[in-house]
Amino acid sequence: MENIFWIMSQILENLKYTKDHEWVKKLENGHYQMGITDYAQSSLGDIVYVDMPGEGSDLKQGSSIGTIESVKAVSDIYSPMDGSVVSKNETIGEDPVAVNEDPYNTGWLLEFQASGEAQWNGLLSAAQYKELLDAH
Amino acid sequence: MLKTPLHEEHLLLKARMVDFAGYDMPVLYSGIRDEYTAVRNNCGIFDISHMAPILISGKNPEDLTGFLNYLTCRDVANLESGKVQYNAITSEQGGLLDDITIYKINDLKYILLANSSNAQKVIRHLNKWKEEKFASVQIEPYKDYVLMALQGKNSEMELKKILTSGDADFQDLFFYEFTLFKNHNHPYFLSRTGYTGEDGFEILLPEKEGIELWKKLISNGVAPCGLGSRDTLRMEVFYPLYGNELSETRTPIESSIDWIVSSKKEYLGKKNIFHSPPGKKVTGFIMSAKGALPRSHFPAENASGEIIGEVTSGGFSFLWDRGFGMAFLNKEYLKDGQKIYIDIRGKKNEALVQIKSPYKGSIKRRKK
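Protein chains in written order, with the numbering used here: chain Z, 1 to 136; chain L, 1001 to 1368.
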């Protein structure tokens, strides 16, 4: 019974993932985009506030770069790679409901420039992330 | 873990379950915002069977009121039959063992409704004092019952679809009044009470009938609601919660439920409650802007950064679209509009003190 949320969580094939439930997408301009996974938004429930670093902020893989708050809980956002912030999704600051409704598209959080390629290759594939959720 | 008789229904409705006071309880079904909105704009139904009704009866009225008056801080003697009273059981030290509601059926019968987390403590306390001073009083915790709260302005309309006056005369009730279900030897009630700031009913029934009523309400489209939305709903009207605003180490005056504290009658803990004026009291507050949310135990500071108290309950208000909560603050800061600062993970966020909730819900009070 309690696995129902994980079984139903959507995982997109073309993205990479972290064990902290962030997704990363490689954009055509060479930058990366990140957000939280469907599993993460579903576990958090109604998201009401997102605190993210602004343009130019340094990102260090695995370190907390902000917080995401739902009615019941607060959770850290971790940087999936080293780099620096190019832009943040301003509409989320006004109304974070898109993170719940469309976490992989309009609910994206940050666009960033990576310091190198190596960390991208080390992120979890969709299959590996699915395995991680199944093991919960 | 303990289960209420509605546990199976919660699983069928795909609720997300959590441990609450030893019970496996639904925290949400469709989502906290959805359930909250159902109660504010329409109505919703909560399983509160984890709460503990206790039948208190006796052979003469004076013994009963003597017992209840000795153990609680509000005068029970002038409570009328058919009315409910919000009250609290005090400890010898002047703290709260529990906040309760008392239902007066008649001069010889009352129902006391205790919080789930305090139920065993309350029953032990009642029995202890019965043995020491009030031997004629009978104390019988209910068994095999369902207790549910139907809350929201359309509650009466939903009940009318299911119940008739042959079951219970509920349509003439006002806030904090109750009626008993007919055709029962044991008292089961329907009361116009709740914990959301809206009109609504709390309904005590035997297990089988309770499950049936729950299923009928659900099949008529009433939204099942969990503990998550219940917490936001009660916070927006600044209702205190045991374990947050209310505790054994805080007097009812410190918890700002002074309005139930009698200075006339004698009762357990009274001397300590009035021993010295409180340095701190509980109040509501609303954040000045959208942003990070205040949560329990976050420090509250004044403009110069001195700690002046702490948050007792906090969260996000759908009404005001920002963080808000209740805090235990130095008394001099209890003024409407007083600026305070909540330390949220090292950052100071401005909030304004709000003594009474500005929200006017759909509660139906009897006009005096």
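Wrong hints could be hidden among the right ones.
Stated by the list, open to error - In silico lysine-lysine, DSS-like type, Cα no more than 27 angstroms apart, as pairs:
(1) Lys-1367(L) - Lys-1083(L)
(2) Lys-1014(L) - Lys-88(Z)
(3) Lys-1083(L) - Lys-130(Z)
(4) Lys-72(Z) - Lys-1367(L)
(5) Lys-72(Z) - Lys-1360(L)
Rather than coming from a laboratory, the hints here were simulated on the basis of the structure.
Hints and how they fare:
With a C-alpha separation of about 15 angstroms, the suggested pairing of Lys-1367(L) with Lys-1083(L) holds against the 27 angstroms cut-off. Our distance criterion of 27 angstroms between C-alpha atoms is broken by Lys-1014(L) and Lys-88(Z), whose separation comes to about 35 angstroms. Restraint check: the Cα-Cα separation between Lys-1083(L) and Lys-130(Z) comes to about 56 angstroms, which exceeds 27 angstroms; the hinted pair is violated. The straight-line distance between the Cα atoms of Lys-72(Z) and Lys-1367(L) is roughly 38 angstroms, outside the 27 angstroms bound, and the hint therefore fails.
Taking the CA atoms of Lys-72(Z) and Lys-1360(L), the gap is near 24 angstroms; set against the 27 angstroms cutoff, the hint holds.
Consistency with the previously given hints fails for numbers 2, 3, 4, ordered from lowest to highest.
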